[in-house]
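> Protein chains in written order, with the numbering used here: chain A, 1 to 263; chain B, 264 to 778.
Hints were generated in silico from the structure; no laboratory data involved. Please note that a few of the clues may not be correct.
[Unchecked claim] Keeping only pairs whose Cα atoms sit at most 30 Å apart, straight-line, the calculated DSS-like set for lysine-lysine is: (1) A:Lys154 <-> B:Lys776; (2) A:Lys110 <-> A:Lys176; (3) A:Lys205 <-> A:Lys184; (4) B:Lys362 <-> B:Lys429; (5) A:Lys184 <-> A:Lys131; (6) B:Lys362 <-> A:Lys139; (7) A:Lys154 <-> A:Lys139; (8) A:Lys176 <-> A:Lys139; (9) A:Lys129 <-> B:Lys776; (10) B:Lys362 <-> A:Lys131; (11) A:Lys110 <-> A:Lys154; (12) A:Lys184 <-> A:Lys154; (13) A:Lys205 <-> B:Lys551; (14) B:Lys429 <-> A:Lys131; (15) B:Lys519 <-> A:Lys110; (16) A:Lys129 <-> A:Lys154; (17) B:Lys276 <-> B:Lys519; (18) B:Lys551 <-> A:Lys110; (19) A:Lys154 <-> B:Lys362; (20) B:Lys551 <-> A:Lys131; (21) A:Lys139 <-> B:Lys776; (22) A:Lys110 <-> B:Lys276; (23) A:Lys131 <-> A:Lys154.
[Stated by the list, open to error] Counterexamples of contact, computed for chain B against chain A with all Cβ distances above 10 Å: (24) Leu444; (25) Tyr628; (26) Ile635; (27) Arg701.
No residue lacks a Cβ here, since even glycine has one placed at the ideal position from N, Cα and C.
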Amino acid sequence: MPEPTVRIENLWKAYDGTQALQGLSLAAFEGEIVGLIGPNGAGKTTAIKIIVGLLQWDRGEVHVFGHNILADSISYKEHIGYMPEAPALPEYLTTSEFLGYVGRVRNVPKEQLPGRVSEMLRDFELTGKAKETVATLSKGMRAKLAFAAATIHKPQLLILDEPLLGIDPAGQRLLKDRLVGMAKQGCSILVSTHQLDTAERLCTKVAVIHRGKNVATGDLESLRGQAHAGEHQTLEEIFLKLTEEAGQPEPDMPRRKGLFSRK
Amino acid sequence: MSNVPTLLTYKVKLFFAPSYRGKFGPLPLIALMILFVPSGAGVGFAFGAYMDTLGTEQLTATLGAALSAMLAFGFIFSLGVGITAQPSELDFLMTSPIKSREYLVADLLFQLTSIMLAGGIAMFAALIGLLAGMGAPLVRAIPLVLVMAVYGLMIVLIIQSVTIAKIRYPNARVRELTLLLLLLSAVAMLPALGASFGVDFATLPIPQAAFAVLADSAIFGTSPDVSSLVVAGIYFAGIGALWLRLSGMYFFYGIKPTLSGGFGQVDMGTKMAQQRRMIGLFGGLTDKIALKTDVGGDLSLMTRLSLVRIWRDGSIVFVILLLGLFIGIGLWGSSSSDEPAGMDYNTLQGATWPIAILAINWCYYERENLWIPVVGGRSLVTYFRGLMTSLVLIGLVMSAFMITIRALIQMRVDMAELAFMMLAPVGTSVFAATLLTRVRVKPGAFSPGLLAVLFVTFTGGAGIAFSGSLMVGAIGSSTAVLVAAQVVVAVAFAIAIYYVGQVAVSSLSRTFKFQ
Ligand SMILES: Nc1ncnc2c1ncn2[C@@H]1O[C@H](COP(=O)(O)OP(=O)(O)OP(=O)(O)O)[C@@H](O)[C@H]1O
Ligand SMILES: [Mg+2]
């Protein structure tokens with residue numbers, strides 16, 4: 001069996017106090033689109049941030065392109081594309097300056113850069129905004145720009161945290177077509193989403209995450225089996241069944257009292 | 264008025280609770296208050312020493328200029344937003360059945376409370392410094408504070424009235440009128456510079472003059488002038504009546520959020536929104552300079568990136584204002600005495616605080632964007648090296664400016680002083696950039712990191728400047744050869760500091776933690 005593009009094993013991560021990941025495992029092979037689905041706070045973003053090198057973890061292993069990312073935590077990033085869940089963008093740059101900056105950071109050769117930038121702006125219907133600052137963009141335009149930035153260097157591993165949020169239907173279609181196209185060319189894609197109908201159609205494999213660990217992983221067929229679900233049940237129904245079985249949400253935090261009371 | 268206590272509590276809580284709830288409790292807040300006490304006292308003392316050299320008429324005009332500046336600031340604030348509302352207040356308070364006047368009273372009390380809590384000690388230190396600088400007994404601070412408090416209250420009432428009028432009467436040219444008044448209050452500062460136009464400033468029927476005369480008698484312990492009391496009273500009553508009339512009107516639909524979270528707290532969303540507004544405000548002008556990404560090396564790209572940000576997001580305005588402020592105070596101080604010590608301290612402040620502020624702005628506006636170089640791999644090291652280089656460049660331009668002004672005034676150049684002014688911003692920049700690889704401003708809590716940035720960059724920059732100027736001074740300047748040696752040593756020292764900084768920042772940024 002070939003080595004997966006990204007493989008995480010038994011990953012644990014706690015923020016001060018909160019256990020965010022409790023033994024998550026995951027793998028994505030060449031040409032696969034893997035969906036990460038799970039309730040709010042399940043740990044999707046945490047897992048993604050660990051893979052792209054934004055967050056340290058407590059226990060477990062992360063391998064990208066066959067290399068342990070602890071051993072060399074820099075060079076593996078060259079072939080990764082990443083779109084954050086709520087991307088902070090440099091508001092002061094124009095859209096073309098921003099894409100140029102990201103291209104440079106991602107080692108796109110200087111002479112190819114202007115062409116790549118205008119191609120991206122054209123594809124995502126941002127050419128009219130090329131000379132305007134990011135500060136003036138609408139929410140959906142920002143999302144498109146962030147997606148363009150994630151793919152400008154033609155990555156081999158694309159990691160997207162809820163990429164469709166706020167994008168109009170035509171734009172969503174464009175993005176999904178792009179993902180399928182990139183996967184066909186061998187790119188591995190890891191995408192977290194709450195849009196289960198999309199995940200059902202787009203993803204070759206889905207990992208259902210709950211409270212920091214997998215409750216089920218596989219293609220739709222195998223998820224049905226793991227959930228003891230009927231043949232015609234949708235991913236949504238399977239998802240609800242699996243996460244309900246895995247347990248009720250945790251109780252609320254105790255209330256704070258008084259003007260300046262502390263934790 | 265029954266909602267006022269609730270509203271006030273909410274506003275105070277929202278603003279101050281985060282700074283109290285951190286790991287160190289209220290300590291960082293207290294430390295911040297104390298940090299500005301020496302500056303406050305220094306500025307007050309310099310001002311007082313200057314005023315001590317003036318005749319009564321000129322003194323009143325100078326006090327009046329300070330009051331005019333406060334009024335002008337009030338007008339500027341009311342042209343902008345005018346009300347200190349948090350974003351959550353817009354969403355939750357202003358959509359509930361609360362009367363305009365209740366909200367305004369709460370906001371007024373909040374502004375007074377927060378000014379006292381945040382800057383109270385420093386302002387008091389400035390007043391005491393002023394009295395000490397003039398050689399007046401310190402108990403006179405009591406009537407002086409009283410006069411200032413009434414004047415301050417009047418300004419807040421003006422700000423609120425203008426804000427409401429602006430919203431409720433969009434066709435009434437409120438902006439134009441405010442601009443005119445702003446201009447007039449600027450004109451009222453001219454007598455302090457000696458341009459009296461043949462009129463006695465003290466007798467002008469404007470509030471600044473009346474309150475300045477009252478402040479005069481507070482400082483000298485004389486009984487207050489009756490006609491000034493009457494003029495001040497008429498203005499206060501008039502503005503109060505106007506406020507009473509306007510404060511009954513609904514105005515919530517015209518409010519923009521000004522505050523971003525609590526005192527010392529960083530709400531990244533609002534910070535970003537503020538930055539967006541700034542970028543929009545300067546847009547047409549500032550995007551004339553473009554960032555060319557397909558030319559230059561990596562260090563050059565990152566340096567230019569940082570310069571473009573500072574240029575476009577309004578940070579440059581802070582730099583110019585602060586620099587101008589300290590140059591102004593320094594000039595004021597130096598004209599009052601032959602001894603340039605006051606000026607040295609103020610040039611030190613002028614050379615360091617703008618850089619420290621740039622560093623803090625970086626924490627607010629830019630740190631979140633660092634995911635781009637972090638996930639990009641190798642570029643984080645160049646990012647920080649570029650950041651440092653850009654700060655050093657800005658610092659050098661600032662010192663060149665200050666050195667020119669100083670040379671023009673003193674008509675001589677002392678090499679040790681020159682070295683001092685060149686090294687202060689270079690040292691500050693190096694400390695600032697190095698610190699930024701480690702300091703983390705946590706959203707949602709008052710961060711001791713911010714204090715560290717302010718304190719360490721200031722003392723670090725000052726330390727480097729002092730040691731450099733001592734070295735240069737020790738060489739002596741009796742012959743041309745020695746002067747040349749001084750230049751070589753100063754420049755070599757600056758380059759060495761920069762180089763050490765680059766090495767430090769490179770190694771520190773390899774282990775940078777984004778989250
Ligand atoms: N910076 C942080 N500090 C403390 N706790 C955090 C932090 N970020 C996330 N958490 C906690 O870690 C857990 C997992 O959060 P994470 O953001 O990974 O969830 P998610 O699956 O992406 O959720 P969502 O669908 O809402 O985006 C949650 O309990 C969250 O409260
Ligand atoms: Mg998430």
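> Now tell me, hint by hint, if it's right for this structure.
Comparing the hints with the structure gives:
Note on lysine 154 of chain A and lysine 776 of chain B: the hinted pairing holds, with a Cα-Cα distance of about 27 Å set against a maximum of 30 Å. Restraint check for lysine 110 of chain A and lysine 176 of chain A: the C-alpha separation of about 29 Å stays at or below 30 Å, so the hint holds. At most 30 Å may separate the alpha-carbon atoms for a hinted pair to count; lysine 205 of chain A and lysine 184 of chain A meet this at roughly 15 Å. At most 30 Å may separate the alpha-carbon atoms for a hinted pair to count; lysine 362 of chain B and lysine 429 of chain B meet this at roughly 18 Å.
Proposed proximity of lysine 184 of chain A and lysine 131 of chain A is contradicted: the alpha carbons are some 33 Å apart, above 30 Å. Pair hint lysine 362 of chain B plus lysine 139 of chain A does not hold up; C-alpha atoms about 34 Å apart against a cutoff of 30 Å. For the suggested pair lysine 154 of chain A and lysine 139 of chain A, the alpha carbons sit about 24 Å apart, so the restraint of at most 30 Å is met. Simply put, lysine 176 of chain A and lysine 139 of chain A have alpha-carbon atoms about 18 Å apart, close enough for the 30 Å limit, and the pair holds.
The straight-line distance between the Cα atoms of lysine 129 of chain A and lysine 776 of chain B is roughly 33 Å, outside the 30 Å bound, and the hint therefore fails. Of the supplied pair hints, the one linking lysine 362 of chain B and lysine 131 of chain A is violated, its CA atoms being roughly 44 Å apart against a limit of 30 Å. As the CA atoms of lysine 110 of chain A and lysine 154 of chain A are separated by approximately 15 Å, the hinted pair is consistent with the 30 Å bound. A C-alpha spacing of about 13 Å is found between lysine 184 of chain A and lysine 154 of chain A, which places the hinted pair at or below 30 Å, so the restraint holds.
Among the hinted pairs, lysine 205 of chain A with lysine 551 of chain B is inconsistent with the structure: their alpha-carbon atoms are about 48 Å apart, more than 30 Å. Between the alpha carbons of lysine 429 of chain B and lysine 131 of chain A the distance comes to roughly 33 Å, so the proposed pair goes past 30 Å and is violated. For the suggested pair lysine 519 of chain B and lysine 110 of chain A, the alpha carbons sit about 42 Å apart, so the restraint of at most 30 Å is broken. Restraint check: the Cα-Cα separation between lysine 129 of chain A and lysine 154 of chain A comes to about 23 Å, which is no more than 30 Å; the hinted pair holds.
Restraint check for lysine 276 of chain B and lysine 519 of chain B: the C-alpha separation of about 20 Å stays at or below 30 Å, so the hint holds. With a C-alpha separation of about 23 Å, the suggested pairing of lysine 551 of chain B with lysine 110 of chain A holds against the 30 Å cut-off. Restraint check for lysine 154 of chain A and lysine 362 of chain B: the C-alpha separation of about 57 Å exceeds 30 Å, so the hint is violated. Distance check on the hinted pair: lysine 551 of chain B and lysine 131 of chain A sit about 10 Å apart at the alpha-carbon level, within 30 Å; holds.
Annotation: proposed proximity of lysine 139 of chain A to lysine 776 of chain B holds, straight-line Cα distance about 28 Å (limit 30 Å). Proximity of lysine 110 of chain A to lysine 276 of chain B is assessed by CA-CA distance (about 52 Å); at most 30 Å being required, the pair is judged violated. At most 30 Å may separate the alpha-carbon atoms for a hinted pair to count; lysine 131 of chain A and lysine 154 of chain A meet this at roughly 24 Å. Residue placement check: leucine 444 of chain B keeps its beta carbon more than 10 Å from all beta carbons of chain A (closest about 31 Å).
Residue-level check failed: tyrosine 628 of chain B sits 8 Å from the nearest beta carbon of chain A, not beyond 10 Å. With 10 Å as the threshold on Cβ separation, the claim that isoleucine 635 of chain B sits away from chain A is violated: the shortest Cβ distance comes to roughly 6 Å. Listed as outside the interface, arginine 701 of chain B is consistent with that label: its C-beta sits roughly 15 Å from the nearest C-beta of chain A, beyond the 10 Å cut-off.
In this structure, the hints that do not hold are numbers 5, 6, 9, 10, 13, 14, 15, 19, 22, 25 and 26, in rising order.
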